[in-house]
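Asker: Just so you know, we're using this note's numbering here: the sequence shown kicks off at 317 and counts up by one.
Think of the hints as simulated: they come from the structure by calculation, not from any bench.
Take these hints with a grain of salt, some might be off.
Pairs of lysine-lysine residues, derived as DSSO-like cross-links and limited to a Cα-Cα distance of at most 30 Å, are as follows [as the list claims (entries may be wrong)]:
| # | residue 1 | residue 2 |
| --- | --- | --- |
| 1 | K459 | K412 |
| 2 | K346 | K455 |
| 3 | K439 | K395 |
| 4 | K459 | K345 |
| 5 | K395 | K346 |
| 6 | K423 | K345 |
| 7 | K423 | K412 |
| 8 | K395 | K459 |
| 9 | K439 | K459 |
| 10 | K439 | K346 |
| 11 | K346 | K458 |
| 12 | K423 | K439 |
| 13 | K423 | K458 |
| 14 | K458 | K395 |
| 15 | K395 | K455 |
| 16 | K423 | K455 |
| 17 | K412 | K395 |
| 18 | K345 | K439 |
| 19 | K412 | K439 |
| 20 | K395 | K423 |
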Amino acid sequence: MSMIKVQHFADVNLVDQIPSVSLAAEEVKKLEENVGSLISTNGCFSTSQDINVTLIFTGADSDEVKSVLFEVRADPRLKAVVFADIDQYSSMRGEKEVLFSLGAVFKIDSIQYDAHQRLWVLKMTTSDYGSKSVYEHLKLQKKQTYGR
């Protein structure tokens, strides 16, 4: 099996990543209330650098479920947030797919409704702050699950 090389993007400072998801309306409300706070992923996080690809996967809003476009500013100089360009390994070539590791930490910069695109736009920036706490939490979960 070939190893995926971590992409350091030496020639750029920040890389935009744009995934989209459907979230419960109450989760969107929580995000609004926590602008400026840190959040972390509880799994791997696949994204695209192409907004047109991302918009294909957005769903329709309802009272209970909201479409949310994530605009992630990823700083390759950070030590704790690992991400890699996996487009060459993807079965859907051309999606400009990037994968973030388990436990990646992000600062919520803003969340606003875009009436033109009919979806919420959540702007986040990768962060090393809080990564030690996330690591310790994941280690504890592993111990509780596997007894090691």
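Asker: Each hint should be assessed against the structure and marked as holding or not.
Answerer: Verification of the hints:
{"no.": "1", "hint": "K459 to K412", "in the structure": "36 Å, violated"}
{"no.": "2", "hint": "K346 to K455", "in the structure": "26 Å, holds"}
{"no.": "3", "hint": "K439 to K395", "in the structure": "21 Å, holds"}
{"no.": "4", "hint": "K459 to K345", "in the structure": "33 Å, violated"}
{"no.": "5", "hint": "K395 to K346", "in the structure": "28 Å, holds"}
{"no.": "6", "hint": "K423 to K345", "in the structure": "16 Å, holds"}
{"no.": "7", "hint": "K423 to K412", "in the structure": "23 Å, holds"}
{"no.": "8", "hint": "K395 to K459", "in the structure": "24 Å, holds"}
{"no.": "9", "hint": "K439 to K459", "in the structure": "34 Å, violated"}
{"no.": "10", "hint": "K439 to K346", "in the structure": "14 Å, holds"}
{"no.": "11", "hint": "K346 to K458", "in the structure": "27 Å, holds"}
{"no.": "12", "hint": "K423 to K439", "in the structure": "9 Å, holds"}
{"no.": "13", "hint": "K423 to K458", "in the structure": "25 Å, holds"}
{"no.": "14", "hint": "K458 to K395", "in the structure": "22 Å, holds"}
{"no.": "15", "hint": "K395 to K455", "in the structure": "18 Å, holds"}
{"no.": "16", "hint": "K423 to K455", "in the structure": "22 Å, holds"}
{"no.": "17", "hint": "K412 to K395", "in the structure": "23 Å, holds"}
{"no.": "18", "hint": "K345 to K439", "in the structure": "15 Å, holds"}
{"no.": "19", "hint": "K412 to K439", "in the structure": "19 Å, holds"}
{"no.": "20", "hint": "K395 to K423", "in the structure": "15 Å, holds"}
Checked against the numbered hints above, the structure breaks hints 1, 4, 9 and satisfies the rest.
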